[in-house]
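Here's the letter readout for the chains.
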Amino acid sequence: MLPGRIFKVTDYKLFKEIPVNKKLTSRQKSEFIWGWLFILPTMLGLFVLNIYPMIDTIKQSFYKTGDFGKGNKFVGLANYQKVLGDGEIWQTLWNTAKYAIVEVPLSIVIALLLAVLLNKKLKGRDVFRTIFFLPMVVAPAAIAMVWKWLYNSNFGLINNVFHIKVNWISDPKIAIYSIAAIGIWSVIGYNMVLFLAGLQEVPGDYYEAASLDGANGWHQLINITIPLISPTIFFVLVTRIIGAMQVFDLIYMMIDLNNPAWKKTQSLVFLFYKYSFEQSKKGYGATVVVVLLAVILLLTIVQLIGQKKWVHYE
Amino acid sequence: MKRSVANICIYVVLILVSITMLVPFLWMFLTAFKTTAETMQVDPFVIVPRVWQTQNFGNVVKAMDFVRLYINTLLMVALRILFAVLTATLSGYAFARLQFNGKNLMFAVVLLQMMIPVQIFIIPQYVMVSKLHLTNTVWGLVFPGIVSAFGTFLLRQAYMQLPKDLEEAARLDGCNIPQTFVYIMSPLTKSSMVALGIFTAVFAYKDLMWPMIVCPDNRATTLASALAKMNGQYQQKYPELMMAALISCVPMIIIYIFFQKQFIEGIATSGGKL
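Line by line, the protein sequences are chains A and B.
The numbering used here puts the first residue of the first sequence at 23, with every later residue one more than the last.
The numbering used here puts the first residue of the second sequence at 2, with every later residue one more than the last.
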């Protein structure tokens, strides 16, 4: 399956139903019955587990959670007004953005270069691929614990090997970037595998022709590889931005409330978790997550419009 | 000559990146067998433990019931795979191969679920789980993974790629729709089912927020959420923390090394959903 599929659903004309004949043939009748029976478990699950919760969360964002089991109170747009004037939320949004601005482009560029190197016939190609992909099968909770230890300012491996004294995760100025570095480390193997799948479909004779014309490796990358796999790059970009905006595990594990950097590192989803499940302010938590949804939708729409400028579908 | 120089450069880059990927795991392993004093020693900096402290393993397993955590995690993963593969196979087939009114609208619901950040579902899902008295149970852990919109999409893609003639032939031989599905079509999508199973397993095993919310109890929760707890309790005791991390990820790494082809393909087809 081409990863670009989800955002290019051209083979599918939504809402265009087959015309209903007055008399259905027995085949049509049985397709109707079995079709609905087959999708019934999935649809029932999606409506109960996703569609109703989505509507309910949006509804809750207009309510204030009652104290001590008292009923919830409708407050209209008050939660949203509070969000707009809430310095903590703006700071959190900015922290999340900083994380994404570092993690997404760097993880894509590094992964793309590695994919190009591994796309050649090399000895040990599979071994490298297996190693780069390894962090994808380990729980982020475990990864964060290891990196917290590597980053330890007194006894950590990094400071002691390079003889430096950096407060990687307690200096408010750099902590979010240190966490973004772990994000990059975790995801490059995954991005690389997606790029490798895209590269397999680039015909080899393009490169032969280019090298006959005297194009070097760099020119081939810029003029052949990148345009030809631009749909894959676009797809990885869109999904990585969505993923980065939802960062939670790494930050939750790395930063505790004693850490002087926590205000400058907590992300939107972290804040959602804190309000909804640690402070039982579900109404405000719901508002935060609706804001997150709005931000993600906006970013995705901007990219869908912007793609016309640089993404080439055959 | 020029070619071999270029090749050496490529290998140097690849080996440097490999070292960066492996050192954290190696450091986790080495630290897990040190004494706390060794981890706090800077001059000289201790790399390999002087005496391998194998009792760290026993201490950690005593402090946190890892057998129980493994059972919880495995049950959650197995049940989620079972439900997701079963429901997604059925609905994927119907969406790809059967014509019926309302199909496109329902498929739009599937796509909608895939595009929306999961956090938006969590508060009401949690309220449902607590009303059903399923907190601190395996069913609470399984709950949001009973059906899979992504799985439906993946299986629909798989069925769409199968040739139409197969169904026609089965129909002429007198197979009805369920027979065609069970005997002819579904066996041909095994690789997509495996991909969905692997994706579901990795996703469930890595998830942190949901088990923390629905199973706060130490004996009912998963590996990931137990690590988060230890992380808060054991502040500076790095050998114990690294041993806990090691215990919770080594089996997964071993399975990955044996089935790495299926893992990489399975997760690559998931296209960014992790």
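Heads up, some of the hints might be wrong.
Chain A stretches covered by chain B per the calculated footprint, using a threshold of three residues with CB under 8 Å from any CB of chain B [unchecked claim]: (1) 101 to 111; (2) 152 to 161; (3) 220 to 232.
Below, simulated DMTMM-like cross-link-like pairs (lysine to aspartate or glutamate); rule was C-alpha separation at most 20 Å, straight line [unchecked claim]: (4) A/Lys95 - A/Glu110; (5) A/Lys286 - A/Asp148; (6) A/Lys303 - A/Asp78; (7) B/Lys238 - A/Glu223; (8) B/Lys132 - A/Asp278; (9) A/Lys187 - B/Asp44; (10) B/Lys262 - A/Asp227.
Label-pair restraints from in silico Cβ distances [what the hints assert, rightly or not]: (11) A/Tyr228 - B/Thr37: 40 to 50 Å; (12) B/Pro188 - A/Asp227: 16 to 26 Å; (13) B/Leu106 - A/Gly146: 18 to 28 Å; (14) B/Leu106 - A/Arg49: 49 to 59 Å; (15) B/Asp174 - A/Ile55: 14 to 24 Å.
Simulated from the structure, these hints should not be mistaken for lab results.
All values reported here derive from a predicted model rather than from experimental measurement.
Cβ coordinates follow ideal geometry from the N, Cα and C atoms, glycine included.
For each hint, the structure was consulted:
With a threshold of 8 Å between beta carbons, the proposed coverage of the segment 101 to 111 of chain A by chain B is violated, since 0 of its residues qualify and at least three are required. Beta-carbon proximity to chain B at under 8 Å applies to 10 residues in the segment 152 to 161 of chain A; the threshold of 3 is reached and the given coverage holds. Against chain B, the segment 220 to 232 of chain A contributes 0 residues with a C-beta closer than 8 Å to a partner C-beta. That does not satisfy the three-residue criterion, and the hint is violated. Of the supplied pair hints, the one linking A/Lys95 and A/Glu110 is violated, its CA atoms being roughly 24 Å apart against a limit of 20 Å.
The hinted pair formed by A/Lys286 and A/Asp148 fails the criterion: a straight-line CA distance of about 40 Å is larger than 20 Å. A hinted pair counts as satisfied when its Cα atoms are at most 20 Å apart, and A/Lys303 with A/Asp78 qualifies at roughly 15 Å. For a cut-off of 20 Å, the pair hint linking B/Lys238 to A/Glu223 is broken: about 50 Å separates their Cα positions. For the hint linking B/Lys132 to A/Asp278, the alpha-carbon distance of about 31 Å lies beyond 20 Å, and the restraint is violated.
The hinted pair formed by A/Lys187 and B/Asp44 meets the criterion: a straight-line CA distance of about 15 Å does not exceed 20 Å. Restraint check for B/Lys262 and A/Asp227: the C-alpha separation of about 27 Å exceeds 20 Å, so the hint is violated. At about 58 Å, the CB distance of A/Tyr228 to B/Thr37 disagrees with the hint of 40 to 50 Å. Roughly 38 Å separates the CB atoms of B/Pro188 and A/Asp227, a value that falls outside the hinted 16 to 26 Å.
Checking the proposed 18 to 28 Å range against B/Leu106 and A/Gly146 shows it is violated: the Cβ atoms sit about 50 Å from each other. For the hinted restraint 49 to 59 Å between B/Leu106 and A/Arg49, the CB-CB distance of approximately 22 Å leaves it violated. Look at B/Asp174 against A/Ile55: about 21 Å separates their beta carbons, and that is inside 14 to 24 Å.
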